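A.B. asks: For reference, the chains in residue letters:
Protein chains: 2
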Amino acid sequence: MDSWVDGQLAHALSLKDRGLAYGDGLFETIAVRKGTPILLDRHLARLLKGCQRLAINLDGAVVRTELLAYAQALGEGVLKLIVTRGESARGYAPDPVVVARRIMLGNPPATYPVSHAEHGVRLFPCATRLSLQPLLAGLKHLNRLEQVIARSEWQDAEHAEGLMLDQAGRVIEGVFSNLFLVRDGVLITADLERCGVAGVMRAELLFQAESSAIPVQIIDITLEQLQWADEVFVCNSVYGIWPVRAYAALSWPVGPLTRKLQTIAHALLDA
Amino acid sequence: MDSWVDGQLAHALSLKDRGLAYGDGLFETIAVRKGTPILLDRHLARLLKGCQRLAINLDGAVVRTELLAYAQALGEGVLKLIVTRGESARGYAPDPVVVARRIMLGNPPATYPVSHAEHGVRLFPCATRLSLQPLLAGLKHLNRLEQVIARSEWQDAEHAEGLMLDQAGRVIEGVFSNLFLVRDGVLITADLERCGVAGVMRAELLFQAESSAIPVQIIDITLEQLQWADEVFVCNSVYGIWPVRAYAALSWPVGPLTRKLQTIAHALLDA
Numbered sequence: 013m014d015s016w017v018d019g020q021l022a023h024a025l026s027l028k029d030r031g032l033a034y035g036d037g038l039f040e041t042i043a044v045r046k047g048t049p050i051l052l053d054r055h056l057a058r059l060l061k062g063c064q065r066l067a068i069n070l071d072g073a074v075v076r077t078e079l080l081a082y083a084q085a086l087g088e089g090v091l092k093l094i095v096t097r098g099e100s101a102r103g104y105a106p107d108p109v110v111v112a113r114r115i116m117l118g119n120p121p122a123t124y125p126v127s128h129a130e131h132g133v134r135l136f137p138c139a140t141r142l143s144l145q146p147l148l149a150g151l152k153h154l155n156r157l158e159q160v161i162a163r164s165e166w167q168d169a170e171h172a173e174g175l176m177l178d179q180a181g182r183v184i185e186g187v188f189s190n191l192f193l194v195r196d197g198v199l200i201t202a203d204l205e206r207c208g209v210a211g212v213m214r215a216e217l218l219f220q221a222e223s224s225a226i227p228v229q230i231i232d233i234t235l236e237q238l239q240w241a242d243e244v245f246v247c248n249s250v251y252g253i254w255p256v257r258a259y260a261a262l263s264w265p266v267g268p269l270t271r272k273l274q275t276i277a278h279a280l281l282d283a
Numbered sequence: 013m014d015s016w017v018d019g020q021l022a023h024a025l026s027l028k029d030r031g032l033a034y035g036d037g038l039f040e041t042i043a044v045r046k047g048t049p050i051l052l053d054r055h056l057a058r059l060l061k062g063c064q065r066l067a068i069n070l071d072g073a074v075v076r077t078e079l080l081a082y083a084q085a086l087g088e089g090v091l092k093l094i095v096t097r098g099e100s101a102r103g104y105a106p107d108p109v110v111v112a113r114r115i116m117l118g119n120p121p122a123t124y125p126v127s128h129a130e131h132g133v134r135l136f137p138c139a140t141r142l143s144l145q146p147l148l149a150g151l152k153h154l155n156r157l158e159q160v161i162a163r164s165e166w167q168d169a170e171h172a173e174g175l176m177l178d179q180a181g182r183v184i185e186g187v188f189s190n191l192f193l194v195r196d197g198v199l200i201t202a203d204l205e206r207c208g209v210a211g212v213m214r215a216e217l218l219f220q221a222e223s224s225a226i227p228v229q230i231i232d233i234t235l236e237q238l239q240w241a242d243e244v245f246v247c248n249s250v251y252g253i254w255p256v257r258a259y260a261a262l263s264w265p266v267g268p269l270t271r272k273l274q275t276i277a278h279a280l281l282d283a
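Chains as they are written, first to last, in the numbering used here: chain A, 13 to 283; chain B, 13 to 283.
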């Protein structure tokens, strides 16, 4: 499907846009089913929180209206929204009256092997460590060189995702997913106050777990804790949940809480 | 002056470019005098080193030819070169045959107050700390949100630049400059193996100092060492050298080694 820039059909962006110059912006990757953007409120909430933290001047109501219209036209697929701070002259200081730019790109539905969800995946042990930057932690911003480098570490199809640690060796997330583990019935995911992307599916699963009285912990996770987990899975808002069967020398069965949450996630994505 | 993309007149870039999507690329900001790009070899060397580290497939000879032609057409001003990994489908993994894209933007000569160079500047104490990422340290890559946030910390004209520390509190660099200090006749600048941008003017000054038998140290710098410096200055390849007169409660005179190197830098930039 054709792309939109600020609500208009467009295929190109000004060379002076700060998204290109500095990665000065944010993005959202949204599953679209039957013309509906899935988990739209959570995507918008994260986007607007990011805009607030980066002082990007975006009209949330306009974005919502455009997302609904674009998704309607796309029908089935993946909608990528990029918001940049806008255009300005050379230099890091933005023009004080700069207005954010909205870019919508339509992609066909993601095609991952069905076995990823059914039988689980193996995670590649990425050597690339996430740097610590509390000012950017949690945001899905456009500065993604660490993920680009991490994803380049493996080419084989044996590994569906890679696991990233932070500079201190804590277990944080996948390259394009969040990570959960289950231990003694408790659902555990990494604290993302220093680095990482606070995924929309992660937020939804935490909400669903709390609604179902499943105990939740958001903590710093060590490799030892990962080793002793009963279940491990990764998630994102496009593919839902993949059970994790193996990481380096470690392995896990596909467990019951993973299956329970997977059913919930996939019901949302099959809406 | 009009912009070029891959050697052709253009004002816009594909929305699928990885420079926009992930900040997946590098840039150089080059002073141009009488149609000549100043310190061209050093800019090209840093760019190609960056391409090698990020595995970006760029033809150095083509870039050199284009830079010379663009500078000739620009005459006087600042040439900004952006190199992106190129275009690819959604997802961090690049298409293996992707070809880097070359973007050239022409700007008028920079207009800073003459007093910055003559009488020196005051540095704003930025609260934004540089994160540690050895994989990206030294490169002038497109992931520059830390600089955008740091530059937004002050708007007054009293501060010509800001000083950035790293997460461990070490003194690293300015927001758009490198920092040097002088102590007992030794020229000192920060080690940039963990973070920071290894500037072209910094490299040139280190070379000039060694050629003049001025002792040089590239080390971790503490705030205490800054306090006890005899002279402090910042530099980049557009404005040359600005003496630093003050930072927070600290102050320094404009010293003789600063003046000596400033004469060298400004001779290069007035070529």
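Errors might be hidden in some of the hints.
Pairs count within a copy or across copies, as identical chains cannot be separated in the list.
Stated by the list, open to error - Think about it this way: if two alpha-carbon atoms lie no more than 20 Å apart in a straight line, the pair counts; the simulated DMTMM-like pairs of lysine to aspartate or glutamate are:
(1) Lys28 / Asp18
(2) Lys46 / Asp196
(3) Lys92 / Asp178
(4) Lys152 / Glu88
(5) Lys92 / Asp107
(6) Lys92 / Glu130
(7) Lys28 / Glu99
(8) Lys272 / Glu222
(9) Lys61 / Asp203
(10) Lys272 / Glu78
(11) Lys92 / Asp203
(12) Lys28 / Asp203
(13) Lys92 / Glu236
(14) Lys152 / Asp178
(15) Lys46 / Asp178
(16) Lys46 / Glu130
(17) Lys28 / Asp196
(18) Lys61 / Asp196
(19) Lys61 / Asp178
(20) Lys152 / Asp168
Since the hints were derived computationally from the structure, they do not count as laboratory data. Note that the coordinates shown come from a computational prediction; the quantities given were computed from them, not determined experimentally.
A.B. asks: Out of the numbered hints, which ones does the structure contradict?
C.D. replies: 2, 3, 4, 6, 10, 11, 12, 13, 15, 16, 17, 18, 19, 20
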